[in-house]
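Take any residue in the sequence shown, note its place counting from 1, add 154, and you have its number in our numbering.
Please keep in mind that the hints were generated in silico from the structure rather than gathered at the bench.
Backbone N, C-alpha and C define an ideal beta-carbon position, used for all residues, glycine too.
Don't take every hint at face value.
[To be verified] What follows is a set of in silico ranges between Cβ atoms, one per label pair, in the way DEER data are often shown: (1) 263 with 290: 16 to 26 Å; (2) 303 with 179: 38 to 48 Å; (3) 192 with 217: 27 to 37 Å; (4) 275 with 217: 14 to 24 Å; (5) 169 with 189: 27 to 37 Å; (6) 239 with 305: 15 to 25 Å; (7) 176 with 284: 22 to 32 Å; (8) 205 with 181: 31 to 41 Å; (9) 187 with 261: 30 to 40 Å; (10) 177 with 263: 41 to 51 Å.
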Amino acid sequence: MTAYTILGYGAISEESFTTPTSDRRFPLGTILNVETGTAEMKRYIYIYATGALTAYIPYELTWSGTKLGAAAPATGNGQIVVPQVAFTSAYYGWALVQGTGSVYMDAETYAIGDHVKAFNAGTTCKVEGSTGSTVRTLNAIGVLNAAGTTVAAVSCYLYGIDNPTIPAS
Numbered sequence: 155m156t157a158y159t160i161l162g163y164g165a166i167s168e169e170s171f172t173t174p175t176s177d178r179r180f181p182l183g184t185i186l187n188v189e190t191g192t193a194e195m196k197r198y199i200y201i202y203a204t205g206a207l208t209a210y211i212p213y214e215l216t217w218s219g220t221k222l223g224a225a226a227p228a229t230g231n232g233q234i235v236v237p238q239v240a241f242t243s244a245y246y247g248w249a250l251v252q253g254t255g256s257v258y259m260d261a262e263t264y265a266i267g268d269h270v271k272a273f274n275a276g277t278t279c280k281v282e283g284s285t286g287s288t289v290r291t292l293n294a295i296g297v298l299n300a301a302g303t304t305v306a307a308v309s310c311y312l313y314g315i316d317n318p319t320i321p322a323s
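All chains should be built: construct the whole structure from the sequences, respecting the hints.
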């Protein structure tokens, strides 16, 4: 089993990293950098599920009282996270913000190298612009590592959040 290290917290097991829990174990907004062994760094953020979260669906970071949560994107251009596992409502866990993971794509033609955006209030990602586009736009959240035409969870590199908006608690 792989151990991950969070600065100031020491090692955490892969199970605690991949399994959401009903109790909070880290401060909300904690960033976890994971080296994958392939010279790629993945970045995760610790969140609270204000509702049930589906794996591979893009969500926008939100604040509900003092809880950092995730909700369906209102505009598609907010701070996007993509949980790589399902969350039960009111559970805590880690969601991918940067690096290679899976995202659900809409039923449209998409190709390797296409930039994608979170579909407004939807449950999938869509090609930003037209398929084959090589220009990254403001709303793009990542670039695809897969091609297809159906709704499916596919490999995507998420660009990440440079500075998550985390209010003082």
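Outcome of the hint check:
1. 263 with 290: 16 to 26 Å: holds, 19 Å
2. 303 with 179: 38 to 48 Å: holds, 41 Å
3. 192 with 217: 27 to 37 Å: With a Cβ separation near 34 Å, residue 192 and residue 217 satisfy 27 to 37 Å, so the hint holds.
4. 275 with 217: 14 to 24 Å: Between residue 275 and residue 217, where Cβ atoms are some 18 Å apart, the hint holds.
5. 169 with 189: 27 to 37 Å: Violated - the Cβ-Cβ distance for residue 169 and residue 189, about 18 Å, lies outside 27 to 37 Å.
6. 239 with 305: 15 to 25 Å: The hinted range 15 to 25 Å holds for residue 239 and residue 305, with Cβ atoms some 19 Å apart.
7. 176 with 284: 22 to 32 Å: Hint violated: Cβ distance 44 Å, outside 22 to 32 Å.
8. 205 with 181: 31 to 41 Å: violated, 21 Å
9. 187 with 261: 30 to 40 Å: holds, 34 Å
10. 177 with 263: 41 to 51 Å: holds, 44 Å
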